[in-house]
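> Given the coordinates of chain A, assemble chain B onto it according to the supplied hints.
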Amino acid sequence: MLYRVRAWFARFRIPSPAGEGAYALKSAVLSPQSYPDAREGQKPLLSLSGKIHWAALKIVVFLLSLMPFGLLAYGAINDELGANPIEALHFGFGDWALRFLCIGLALTPIKTITGQGWPIRFRRMMGLFAFFYASMHLLVFIVLDLSLSWEAFKDEVPKSPYILMGLLTYLLLVPLAATSTKKMQKRLGRNWVKLQRLVYLAGLTALVHYFWLVKSDYTEPLIYAAVIGVLLAMRLVVYCRNKHLINNREIHKKTV
Amino acid sequence: MLIKTKANILSSQITDRAVFESRREFIKAATALSAGLMLPNLGQAETGKYADVPIGPYSAKLQVTDREDVAGYTNYYEFSSNKKDSTVLARPLKTKPWSVEVAGEVEKPGIYNLEDILKDNPVQERIYRFRCVEAWSMVVPWIGFPLGEMLKRFNPTSKAKFVEFTTIYNPEIMVGQRSNGLNWPYVEGLRMDEAMHPLTMMVTGMYGDELPNQNGAPLRLIVPWKYGFKSIKAIVKIRFSETMPETAWHKNAPNEYGFYANVNPEVSHPRWSQSRERVLGSGIFAPKRDTEKFNGYGAEVAALYSDMDLKQYF
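Going line by line, the protein sequences match chains A and B.
Under our numbering, the first residue of the first sequence is numbered 3, with each subsequent residue one higher.
Under our numbering, the first residue of the second sequence is numbered 938, with each subsequent residue one higher.
By construction, these hints were calculated from the structure, which means they are not laboratory data.
Do not take every clue at face value.
[Claimed, not checked] List time: in silico PhoX-like cross-link candidates among lysine-lysine, alpha-carbon distance up to 20 Å:
| no. | chain 1 | residue 1 | chain 2 | residue 2 |
| --- | --- | --- | --- | --- |
| 1 | B | K1248 | A | K161 |
| 2 | B | K1020 | A | K217 |
| 3 | B | K1188 | A | K217 |
So that you can see chain A by itself, here it is in the shape it has in the complex (with noise of 0.2 Å):
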């Protein structure tokens, strides 16, 4: 079932450019080569020389992401935000910073499921995009929401539980954000990996936030809770297995 979904995904295969091999599909099972019906007759989607295209598909992606930011600030310049603008710019920062966690958290998954590694180099910028929102919902609330009173900020926050865990989810993407780029990430080895898993945490901290801001309908928290459990759930079935798979080997092993 998994070969055929991932069969079909082959076609979309966008081809890398040499020295980033990293991000390339190392496993021959999953190697797009092993597919039949996506290797004959077919050639790659894009056949533009892979760095050239991987520019330019970087650029657009970024400036998809961006357009959320330039429409919010397109409307609260000619005050197009409703009764209360400070509110939607809170808000609307706030539900793409989820979004942008969502996306970000979505790309292993869609490599486990339809074979496809490459949207997996977007993982990086997804996840700066969604940190740039909750900069920019947290900047919102301080500087337009609290006036950048500190009077306001010392009554109104420690009275506000979800605030709090607004807080404590920005503290959680700052180091994230902070060790994004590829020297930090060569620096840290191991540990890069083992501190980047901080965005699980993150992901359910801000289900929190937001499942405790709400009064009396829960339906849009629900819905990202069902986004974001289904992706950590999947990573937790494929860890599952993956343990599984080496305990076997260890046992096979032993009584070989």
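Here is chain B on its own, set in the frame of chain A:
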């Protein structure tokens, strides 16, 4: 038969004439300005059904929020929890004809046509502050009449200690009632002295015209010293009772929404501060306003609660 009482006090007896006129001038000036700038029109107040109603007592001398903001930002969970969506979703609600059932501890129970109620209760305009429990506020020129005047005509009995109001239940049209975010229909209530207080209004219009559906047409309550959720919309039933009614938000979260729900900066909501409020239309860089106890109506209503611990009876 309803008993006629003498006409309501005219605004000229209460509000200084110069102040009254300067408000109209302000609206006209704002209209001219907004027309020039292609901004939302403030001047609709001058052309609607209630364009020339007298200004009532207790009307505050405050800058009124844009009508567009008041009509485009409503908490009407019967339609949606989204404040903008209810503007469109509420359109199909038929508000004519409309009748109100009067029941309970009262000598004249029955079903009254809204038209008849309005014949006996001449309307007036009052500019009130409106403070939502979500810490935002606005200033609205409501059109209506004192609730107490209307209730007296039904002759409540001595057993009537509370008044309970019920919103129309119509899940075919009120799509929000199909899910159980709150217990439908929406119920609110007041203690008898609160209901009879001259500040408490039954409202049928705003900005010189009839209420838009999303603002609670055709008949809603306005209790300006309480959080907005007390001011129940689209009322179809008024019941006098001896016991305190179970109200919708209180039932939903009793630790968060009390029966009294008086605006009080000293008593926080369990999940957020109530010390400040965002004034709608005040601009993106304007700081929040400090919330006043009883929403600024303390001089009129504080005596109602003089022997009560407001932290306990929030």
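> I'd like to know which numbered hints this structure contradicts. Please list them from smallest to largest.
Structure breaks no hint.
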